[in-house]
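Undergrad: For reference, the chains in residue letters:
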Amino acid sequence: MIVCENLTKRFGHFTAVDHVNFAVSKGSIFGFLGPNGSGKSTVIRMLCGLLEPSDGRATIAGHDVARETERIKSLIGYMSQKFSLYDELTVHENLMFYGRLYGLSGAALLQRRDELVALAHLEPYLQRRAALLSGGWRQRLAMACALVHKPSVLFLDEPTAGIDPVARRELWDLLFEFSSMGMTLFVTTHYMDEAERCSHVGYIYMSKLVVCGEPDDLKHLPVVNPPGTKRLDVTCDHVTVGLQALRHLPGVRTATVFGQSMHLLVEGSLTGETIRVELAKMNIARADIRPIAPSLEDVFVALTTGDGNGGVK
Amino acid sequence: MTTLFRGFNAILYKEFLVVLRDPLTLFFMFFPPLIEMIAFGYALDNDVKHMAMVVLNEDRTVESRQIIDRFVNTQTFRVVGDVQSVEEMAVAIRRGKAYVGLQIPPNFTRDLRAGRNAQVQMLIDGSSSTIASSALNTALGVAFRESVFRLLGETGRRELPVEVRPQILYNPAMRSPNFFVPGVIGVVLQIATTFATAMSLVRERERGTLEQLLVSPLSRWGLMLGKIVPYLCIGMVMACGLIAIMNRLFHVPIAGSLTALFAAIIVYIFCLLSLGLLVSTRAQNQIQALQMTMIFILPSVFFSGFIFPRETMPWIFYAIGAVLPTTYFIELARAVILRGASLVDFWQHLVILTAMGLALFSLCALRFRKKIG
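Just so you know, the protein sequences line up as chains A and B, in that order. If you read the first sequence in the working numbering, its first letter stands for residue 1, the second for the next number, and so on. If you read the second sequence in the working numbering, its first letter stands for residue 1, the second for the next number, and so on.
Just so you know, not all the hints are guaranteed correct.
Stated by the list, open to error - Reference listing, derived: stretches of chain B covered by chain A, where coverage requires no fewer than 3 residues with Cβ under 8 Å from a Cβ of chain A: (1) 9-21; (2) 211-217; (3) 362-372.
Stated by the list, open to error - In silico lysine to aspartate or glutamate, DMTMM-like type, Cα no more than 20 Å apart, as pairs: (4) B:K370 - A:E68; (5) B:K371 - A:D55; (6) B:K371 - A:D64.
Claimed, not checked - With beta-carbon atoms standing in for the labels, derived distance ranges: (7) B:L232 - A:R197: 46 to 54 Å; (8) A:A108 - B:L232: 26 to 34 Å; (9) B:N247 - A:L110: 45 to 53 Å; (10) A:D173 - B:I372: 29 to 37 Å; (11) A:E68 - B:N285: 30 to 38 Å; (12) B:Q286 - A:E52: 22 to 30 Å.
Just so you know, these hints were derived from the structure itself, not from any lab. Bear in mind that the values here come from a model prediction, so they are computed numbers and not experimental data. Glycine residues also receive a C-beta, built at the ideal position from the N, C-alpha and C atoms.
Build out the structure end to end from the sequences listed, making use of the hints.
TA: Here it is as structure tokens:
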């Protein structure tokens, strides 16, 4: 559905997006991740025809985004970072405006409005001005507006930034529903739990696409699981104290705190007993140690801090 | 046609709602122009009447009082006090208590009766050139009349040898509001309308809604037209208000046809809105839009013939005036309001304004890139 080939964007001497290649198949939820300023929004803007690529090309449903910009506009929906709504207009009026913008009128317009209101559960707020909506409702309205012309691809640029957890959960439920109806979703996010829900993820770092694939495949990459190592979860009291001790223990490659526990990447030969002895020196009597699979966060950390590709240039 | 202006109806709907929902913007569109109009209209009144005069009458005769009355009867002067010395008179002028001092020397009546040259001295505050020249002209006129009538009496002739009978057409009372107020309408309309559209696209760019519009199938022409039409309506309402003020408050009669006047106004406002929109397509934020708009407004005040006649300007300013819509509108408005001209007499001005408007509008649509960054 979406194909990028060597997609590149330069602003003067700065390369914001550097030869990015990926493909998104129809009906999938593609999670596009990366730190702030890594080029996520620039990629989305190029795919929506808002920015001209400096090099390479991208197609949506076979249409070149740079040359057939008008053609792809009926195919795509775009929800920008700021939930761009007209604050002076009510929920109803925002929907009517976007409907008219996409050429709807009369009964068809009203019918579509009703469908969107039902879909996003906006009934109670129809006559409220957009300015007075809370973040979660603004986001729902923005999404309803982006869907007014039934696009086959929906781009969402950080749709959950600044939204409470319940609204976040509900948005994802909706996204899965759209996906099941065959809509292709392209979502940028900072949240790892959201990334885990995507059918495919891509990670962009310093303008380059570092990795792209299904979350499970990425977790089994050799870079993430170097030969002769294992990942352990150590749950104990005084985690931060324990972390200091274990970081310097021979055989421990990386150690990170995860809430009340630590995630370690250690040599295969390092035993749980050695770890317990080390922790006991710091007066930590009890430790619960179990092997774990890498999370997506582990994947991205491994890819961006390791000596492999994507390292700091 | 439908594809060229695709999305026009949506923008029109939205723009009307946004404008009407924002009472503050509406207030700032309407209120300052009305105040400016009233302030300009009064402030630019050049007609000098009843200027303060102090009198030093050292003669104290019937004749000397008569000559003072002649001055007062012109309506130009009003006596605010008597002084006892020339120094006192000078002090009164320096302190701003009077613009003019009239001194009648002790031998005035004697000289007059003896048929000698009788002199009256007048001190005039020259710091305001308009007031000074008005005072000077009136004073010379009084002296001249007085001399002529005395000579007539001596020679026994009943009529003047030569007499000019001036007849002033259009604005016979030579009131300056009649001259200025039509120009004020032009300038005030420019300030209000240009800013309105200059801000509109920039605001959308700042808020991020422009991006949302750009991913839609909205056409450039549809966007521009949808942005202009609501403000055109508001501008016309404002123009009606300004014309009512001109007519009722400043008592400037409209000699020509209202249809001609409104045809000129609608084309002029279209021009100004397109100009504002052009600023909006270039400016990145509202501050820039503000500054760019000022670049167009200041020359329109100075070089359009609004205050200073264009004919006496250096060629460069004359040339600048020739490309400003305001210049053509003011000429047209004065012709219609004061001289009762019809559009047949001034169709070139209307054609030029229309051409400017269409050119600016097309430039907006063509310059506007449906890309960001």
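Undergrad: Work down the list of hints and note, for each, if the structure agrees.
TA: How the hints compare with the structure:
no.: 1; hint: 9-21; in the structure: holds (count 8)
no.: 2; hint: 211-217; in the structure: holds (count 7)
no.: 3; hint: 362-372; in the structure: holds (count 3)
no.: 4; hint: B:K370 - A:E68; in the structure: 13 Å, holds
no.: 5; hint: B:K371 - A:D55; in the structure: 16 Å, holds
no.: 6; hint: B:K371 - A:D64; in the structure: 15 Å, holds
no.: 7; hint: B:L232 - A:R197: 46 to 54 Å; in the structure: 50 Å, holds
no.: 8; hint: A:A108 - B:L232: 26 to 34 Å; in the structure: 30 Å, holds
no.: 9; hint: B:N247 - A:L110: 45 to 53 Å; in the structure: 47 Å, holds
no.: 10; hint: A:D173 - B:I372: 29 to 37 Å; in the structure: 32 Å, holds
no.: 11; hint: A:E68 - B:N285: 30 to 38 Å; in the structure: 32 Å, holds
no.: 12; hint: B:Q286 - A:E52: 22 to 30 Å; in the structure: 26 Å, holds
Checked against the numbered hints listed earlier, the structure breaks none of them; every hint is satisfied.
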